[in-house]
Amino acid sequence: MIEVIRITYYIMNEFLQIRLLQVLPIGWNFGWSLLLIPLLPFAGFLLLGLFGRKYIKNSAGIIATALLLVSTVLSIYIAYVYFFEYGKVMGMYQKFVPIQFTWLEFSQGVSIDFGVLIDPISVMMLAIVTFISLMVHIYSLAYMKGDERFPTYYAFLGLFTFSMLGLVMASNIFQMYIFWELVGVSSFLLIGYYYNKPSAVAACKKAFIVTRFADLGFLLGILILSFHAGTLDFNTLVQRLTVDGSEELHSAYTSTFLGASALTWAAILIFIGGAGKSAMFPLHVWLPDAMEGPTPVSALIHAATMVVAGVYLVARMFPIFSMSEGAMHFVTYVGIFSALFAALIACTQTDIKRVLAYSTMSQIGFMMFALGVSGSNLKNGSLNYSGLGAGYTAAMFHLFTHAIFKALLFLGAGSVIHFIHSNELKDMGGLRKYLPITNITFLIACLAISGVPPFAGFFSKEEILLAAYQHKALIYWIALITSGLTAFYMFRLYFLIFWNKGTIVHGEHHGEGGFAMMLPLVLLAVGAAFAGFIPFGNFVTADGKPMEVVFHWQFSIAPVSIALAGIFTAMWLYRKQNNKPVAIANSLNVFYKAGYNKFYIDELYLFITKKILFNLVGRPAAWFDKNVVDGMVNLTGNTTQLISEKIKEFQSGKVQQYAIYFLAGVIGLAVVFIYIWK
Amino acid sequence: MQPGLYHILFISAALFFIGVFGFFTRRNLITILMSVELVLNSVNLNFIAFNKYVWPHKMDGLFFSIFVIAIAAAEAAVAIAIIINLYRSHQSIDVENAEEMKF
Chain A
-3 MIEVIRITYY IMNEFLQIRL LQVLPIGWNF GWSLLLIPLL PFAGFLLLGL FGRKYIKNSA
57 GIIATALLLV STVLSIYIAY VYFFEYGKVM GMYQKFVPIQ FTWLEFSQGV SIDFGVLIDP
117 ISVMMLAIVT FISLMVHIYS LAYMKGDERF PTYYAFLGLF TFSMLGLVMA SNIFQMYIFW
177 ELVGVSSFLL IGYYYNKPSA VAACKKAFIV TRFADLGFLL GILILSFHAG TLDFNTLVQR
237 LTVDGSEELH SAYTSTFLGA SALTWAAILI FIGGAGKSAM FPLHVWLPDA MEGPTPVSAL
297 IHAATMVVAG VYLVARMFPI FSMSEGAMHF VTYVGIFSAL FAALIACTQT DIKRVLAYST
357 MSQIGFMMFA LGVSGSNLKN GSLNYSGLGA GYTAAMFHLF THAIFKALLF LGAGSVIHFI
417 HSNELKDMGG LRKYLPITNI TFLIACLAIS GVPPFAGFFS KEEILLAAYQ HKALIYWIAL
477 ITSGLTAFYM FRLYFLIFWN KGTIVHGEHH GEGGFAMMLP LVLLAVGAAF AGFIPFGNFV
537 TADGKPMEVV FHWQFSIAPV SIALAGIFTA MWLYRKQNNK PVAIANSLNV FYKAGYNKFY
597 IDELYLFITK KILFNLVGRP AAWFDKNVVD GMVNLTGNTT QLISEKIKEF QSGKVQQYAI
657 YFLAGVIGLA VVFIYIWK
Chain B
5 MQPGLYHILF ISAALFFIGV FGFFTRRNLI TILMSVELVL NSVNLNFIAF NKYVWPHKMD
65 GLFFSIFVIA IAAAEAAVAI AIIINLYRSH QSIDVENAEE MKF
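The listed protein sequences correspond, in order, to chains A and B. Here the first sequence is numbered in my numbering, starting from -3 and rising by one per residue. Here the second sequence is numbered in my numbering, starting from 5 and rising by one per residue.
The shape of chain A in the complex, shown without the other chains (with noise of 0.2 Å):
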């Protein structure tokens, strides 16, 4: 076995030139099982999605479960390795690139590579990734068994994971945007599954439209970033662009356009890129709807993996963001505007994934702005961004905890939805009796949202508003407000679904859909309940070195309480069925049919595409395609018909002809020759 990698190794080497740059201590063999973290699950997707529908139609879950979770155990050694042994060096992370190898050499240093980058957030997110993605596909196991496409769906996890985790180990921001496309579609390919429902397929069409759009600024973004910088390699570029003084930061500072420099226009392109994916108002309009797929999809890519993509490029990108206060400061303000926007319209809607859907987006809004408020360092041209870094951290943090509960709530939904099967609040209630665990797991999942202590979440939720307070007091307070609406509406999710009225259950029901389904839920909440205690601080940071978070207890009063107060409003509201809430929702009418309708984006988009956009742009636009340009192409195509048709006689077929033509040309040459060109 050594020696068929050895080979390999070799072969690499020395004909493809696949060269090992830095090699991490503990040797090489490590550096390639990096590569099997997001290979098997490709793997998988080759496997099943070429026989699995013929030949292994029933071991299909069993096989791509069982090479994730191969990757699984692969990447969690990897961090424990990382984080515990190799990565320090001299009280630092370090980033490595222990493979890499050029793909396309645009010029002398400016070409796409693909390599692995290890530094702790992709180490990080390498584990979160692939354990969320077990958890789903543990859980899908019994969710989506007996399903026509059962070979297929597992194909798609695996092409998602793939592409997943090859953006997370990107070492290359234009290998970045390469699987950064392809995790797009494989979400297009996952939320239209269910392709003979007409809501779906709508559904992966905007999402797939929306995030493509976006995903024209994260372009624009990386070819300005490096034509100043000259290079797409994340680790040179960051160095090119964060020296003081040096000839790259001079060119993108100096440059300006519309009053911003080439710096803070390429930071906010990419930026918009990362709002596409991970849903950040106005590019919001996807998420909800992509709800249309299968549900434990919606725990893996819309909730806790592929949405906070955005957020892993910002971070990504950070010390670059940092050096430019405007995008600093547009991420924060787009951040926390998306949270409470968000967080508003959950508290109306009557779709249980649809909630959770813009909480989702609501604690993306939180990271975001968490991001954007920890680079308020840069002050006076101090380009040492270490020293604030707390929210950097808080992000990440944040961004781990939420993938866990976020997971935990859609997959505790999925099972209320395969009890129930309806999406409808209003048909729910008093579950606790039917669904003990998902119940538990739920309420779990529900605190550690809320930012209850002890639960994970209080945590992360904590940092991020000690960020903001540190930064700005309007930021704090509106943070402040959003994690209290947050914990309303999930209350009013889990009072709705598990107290409130007693369901009637027709007949015999199936339970909680067993083992397969309910041992994810157990795991994540666990996870949910003490994920908050990793001292996240001493492993993930803006530098690399270890910060120390110090902990105050007088902070945690306000939003723990504000938290508590949301909890039991929604408690005193929608714990028995009554009328307060419809009373109240009268009460608020203008206002709260605004929310319920999503405050009329949706509506504004399409008055913008199809009143404005293709009345103004595309029916002018298609009218000179079709008379000019097509005129034009006709034009050229009839006259040359036309003409032929006049001189085709002169091939007549009669030698004689011929000949006639030939002496006159001779005679006529013989002529120009003597007597004009002398």
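It is possible that part of the hints are untrue.
[Stated by the list, open to error] Cut-off 27 Å, straight-line C-alpha distance, at most; resulting in silico cross-link-like pairs (DSS-like, lysine-lysine):
| id | chain 1 | residue 1 | chain 2 | residue 2 |
| --- | --- | --- | --- | --- |
| 1 | A | Lys497 | A | Lys572 |
| 2 | A | Lys541 | A | Lys468 |
| 3 | A | Lys422 | A | Lys193 |
| 4 | A | Lys202 | A | Lys497 |
| 5 | A | Lys607 | A | Lys589 |
| 6 | A | Lys650 | B | Lys106 |
| 7 | B | Lys62 | A | Lys642 |
| 8 | B | Lys106 | A | Lys644 |
| 9 | A | Lys429 | A | Lys576 |
Since the hints were derived computationally from the structure, they do not count as laboratory data.
We have chain A already, so just place chain B on it with the hints.
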């Protein structure tokens, strides 16, 4: 009066245009072939005349005319083969009847 270069050139030009005229106006392929021979021989006459009057010490013109005669013989062989084939497929050697290769 001794015949000079111009007389011979005159005959040669007359021969050439008779040949060209025959080529354009005859319908029978054999006659056309004969017209081509006239054209070739007018060229031969030119070669000989120039060789005699302009460079009397050289032989290039004579050699060229011998070449032309040889090639004319080969050409006649090929042309007659073509004519025979045409006759087989069209039952006629009238050029007017062989005009399928057109638009």
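Cross-check of the supplied hints:
Annotation: proposed proximity of Lys497 (chain A) to Lys572 (chain A) holds, straight-line Cα distance about 7 Å (limit 27 Å). Distance restraint check for Lys541 (chain A) and Lys468 (chain A): the Cα-Cα separation of roughly 25 Å lies within the 27 Å cut-off, and the hinted pair is therefore satisfied. Straight-line distance between C-alpha atoms of Lys422 (chain A) and Lys193 (chain A) comes to about 22 Å, which keeps the hinted pair within the 27 Å bound. With a C-alpha separation of about 36 Å, the suggested pair Lys202 (chain A) and Lys497 (chain A) falls outside the 27 Å cut-off, and the hint is violated.
For the hint pairing Lys607 (chain A) with Lys589 (chain A), the CA-to-CA distance comes to about 24 Å; that is within 27 Å, so the pair holds. Of the supplied pair hints, the one linking Lys650 (chain A) and Lys106 (chain B) holds, its CA atoms being roughly 8 Å apart against a limit of 27 Å. Between Lys62 (chain B) and Lys642 (chain A) the alpha-carbon distance is near 53 Å, which puts this suggested pair outside the 27 Å criterion. Note on Lys106 (chain B) and Lys644 (chain A): the hinted pairing holds, with a Cα-Cα distance of about 9 Å set against a maximum of 27 Å.
With a C-alpha separation of about 25 Å, the suggested pairing of Lys429 (chain A) with Lys576 (chain A) holds against the 27 Å cut-off.
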